[in-house]
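Student: For chain W, the structure is supplied; the task is to place chain F on it using the hints.
As you go down the protein sequences, you meet chains W and F in turn.
Counting from 627, one number per residue, gives the positions in the first sequence under the numbering used here.
Counting from 10, one number per residue, gives the positions in the second sequence under the numbering used here.
No lab work stands behind these hints, which were simulated from the structure alone.
Just to be clear, a hint being listed does not mean it is correct.
Listed below are the simulated BS3-like cross-link pairs for lysine-lysine, each with C-alpha atoms no more than 27 Å apart in a straight line [what the hints assert, rightly or not]:
id, chain 1, residue 1, chain 2, residue 2
1, W, Lys749, W, Lys803
2, F, Lys89, F, Lys226
3, W, Lys958, F, Lys89
4, F, Lys226, W, Lys958
5, W, Lys958, F, Lys224
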Amino acid sequence: MLPTGLLLLMSRMGVGFTGQCGICHGPGFAMPTFHDADHLICNKCHTMHASEDGVLPTMPGDSDPMAGPNPHLLYKAEVTDLCLVCHGGDLNSTGAPIVLTVDGTMGGVNYPRLPGGDFYYPKNDSHNGHSPGGTVIGSDSILTQSPGGVFSSADEICTSCHDPHGGSPANDYRLLKLKPGDWTGADLEVTGLEAHPGSDEGSSGGSQPGHSISNTIPGYYSGFSAWCGACHGVFHGSELTDPDVGNNTDWLRHPTDRILDTEIAGNYSPTSTYDWEYPIEDVNSNEIVDSTDEVFCLSCHRAHGTPYSNSTRWYNDAPSGSGTGCSKCHAKG
Amino acid sequence: MKGCINHKRVWFGLISVGLLLAVSNTGYTQECTDCHGAHGGLFLYQGTDCSACHSAHHHDFSGSFVIPSFHNADGLICNKCHTMHASEDGELPTMPGDAGPMLGPNPHLLYKAEVTDLCLVCHAGELNSTGAPIVLAPDEASMGTTHPLLPGGDFFYTQGAAEKSNGHDPGGTIIGVDNTFTNSPGGTFLSANETCISCHDPHGGSPANDYRLLKLKPGDWTGADLIVVGVEGHPGTDEEGNPPGYGSGFAVWCGACHGDFHNPTTGGSWLKHPTDTALGFGGNITVPANYGATYQWTHPVEWPGGTFDNLTAEVFCLSCHRAHATAYSNSTRWDNTEPSGVDGDGDGAGCNKCHEKG
Chain W
627 MLPTGLLLLM SRMGVGFTGQ CGICHGPGFA MPTFHDADHL ICNKCHTMHA SEDGVLPTMP
687 GDSDPMAGPN PHLLYKAEVT DLCLVCHGGD LNSTGAPIVL TVDGTMGGVN YPRLPGGDFY
747 YPKNDSHNGH SPGGTVIGSD SILTQSPGGV FSSADEICTS CHDPHGGSPA NDYRLLKLKP
807 GDWTGADLEV TGLEAHPGSD EGSSGGSQPG HSISNTIPGY YSGFSAWCGA CHGVFHGSEL
867 TDPDVGNNTD WLRHPTDRIL DTEIAGNYSP TSTYDWEYPI EDVNSNEIVD STDEVFCLSC
927 HRAHGTPYSN STRWYNDAPS GSGTGCSKCH AKG
Chain F
10 MKGCINHKRV WFGLISVGLL LAVSNTGYTQ ECTDCHGAHG GLFLYQGTDC SACHSAHHHD
70 FSGSFVIPSF HNADGLICNK CHTMHASEDG ELPTMPGDAG PMLGPNPHLL YKAEVTDLCL
130 VCHAGELNST GAPIVLAPDE ASMGTTHPLL PGGDFFYTQG AAEKSNGHDP GGTIIGVDNT
190 FTNSPGGTFL SANETCISCH DPHGGSPAND YRLLKLKPGD WTGADLIVVG VEGHPGTDEE
250 GNPPGYGSGF AVWCGACHGD FHNPTTGGSW LKHPTDTALG FGGNITVPAN YGATYQWTHP
310 VEWPGGTFDN LTAEVFCLSC HRAHATAYSN STRWDNTEPS GVDGDGDGAG CNKCHEKG
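Extracted from the complex, chain W is given alone in its bound form (with noise of 0.2 Å):
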């Protein structure tokens, strides 16, 4: 393993990094470097003329060719179908972090959890998540839009909520559009610490240069709930201004973008010890849990899919011991 210094001293150089690492990172450790707006290549997911060698052309890391020309010269006619042909599959067999399992591992020793989830799940019961359509997936068979929005189910494909594109429509976390599903307003930003693909939300490679991210660190900073609102807005808001959110003394739905109080942030860790599987944001980055951290959506949820309904990252019809699901941070009973 090379010294982090003479890493440090080859990228400033352009020297690439060859092996796993150059997957993702490119010179100045860039990341992630396929999708960086300055590193893309067009013909990996567009074809010109949909011709190739007389034939039509086989997308690369696909297994056959495509059925005929499509849309925005895509090598498939539905935008998932061609995300999925790179990011879905057996964990580390494309390189690229994979968002569909084959089989709906999500855990143990040889596959870490995928931090956003798992379409495996809502792509057999759309309860359990996002369906961002195509014929991999499919579209959402229960809700013919987004849940405390208007987002049309059917408009629901992986390019909604990320660019696929990056650069300055997209925020740097994981591609995520400044402007997701339909939304028109102001630039939604999120700001966040990535976590290495094919890992859960704090493992990584520790000792690893350069890898200073553990799964006591909190990944998510700030910017995410009002992200998630862009169309799932109902559920968001002041339980003092917000009537479909609070009665001014009480809440109605569950407080999002809020601060813990400190009888919360007790329950939730006396240690102050951020809990990957409980994320909050760090508003402060302050890399512990305090009341001055935020519950936001993806403390309860994942935000592809999970093997549960609403896509929660427990089993909601299950008491929630001690210290485990609700009982993270309401210790009732």
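Tutor: Chain F alone, transformed into the frame defined by chain W:
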């Protein structure tokens, strides 16, 4: 235990239990067949599926049956009463056990706007219809011989426009608030604030007594925790035939809201009926003799010593009242506008159980 029973496992369990009993030093003497059939089979007590209320069954008898499992701290399933976003499949959700969807988001993320209404989704109806103890039956017949008496009484008698003076009125749209009292008789707790959770804690655990989840600080009580000690009767049964349920602390507990009724005296004479007082207080032998040598469930007394003794057993609130409501004014156990007389066994009835006047 829940779900199907594997008979082979039951036999293995019974054999194992026998061995454990032989080597255990717990001193537990209950027989397996007290609960199980002679050839194994479902865990049934008097035809009732115990798993509706009881959780873990410890075959080594190292622990007691956890009661009740639904509102037990470790058994809480939040979404049975709470909904995070008042949205399911794009619509307002329906509370488990309820007939129709909720009307809109509610305080504390409850399925109902009124706490008592929420409790009654499970705790009202025909006996044994919901799996929960019933406190509001659909008709008076539920108090008769085919439907064992509800230990706490029946909110049927104070429901809606019924006689509000016949018991507590924990609000909501089904029972309603008290239209007679603005605060608790003998106290200051506001009637408008009275709900099921004025007395009971639905979350169990340290803020509540184990006994029927009675709060340690009921009503607006701010003093020291009010601990009660009792033996639980089985749901759907009355106090008859069960070990007497009331050990200690109940009179003081009621006194959190009704404290003025507790034992004021002058010149050695009672100004109000004694409570939390031994039947043999002050050397009285008449009252104990009138009550008799055996416990009568129709006239409960507290057993502070754990065994019945008619001298040391204590009259308390529930000796004459039921906690929820009865057919009679002031939630008394008998019609206090009629002569007390004697009961069917020739014992004193009503007041005459202890006083045998006339």
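Student: All hints are to be evaluated individually against the structure, with a verdict given for each.
Tutor: Now the hints, each set against the structure:
1. Lys749(W) - Lys803(W): holds (23 Å)
2. Lys89(F) - Lys226(F): holds (25 Å)
3. Lys958(W) - Lys89(F): Measuring from Cα to Cα gives roughly 14 Å; hence the hint holds.
4. Lys226(F) - Lys958(W): holds (16 Å)
5. Lys958(W) - Lys224(F): holds (14 Å)
In this structure, every one of the numbered hints holds.
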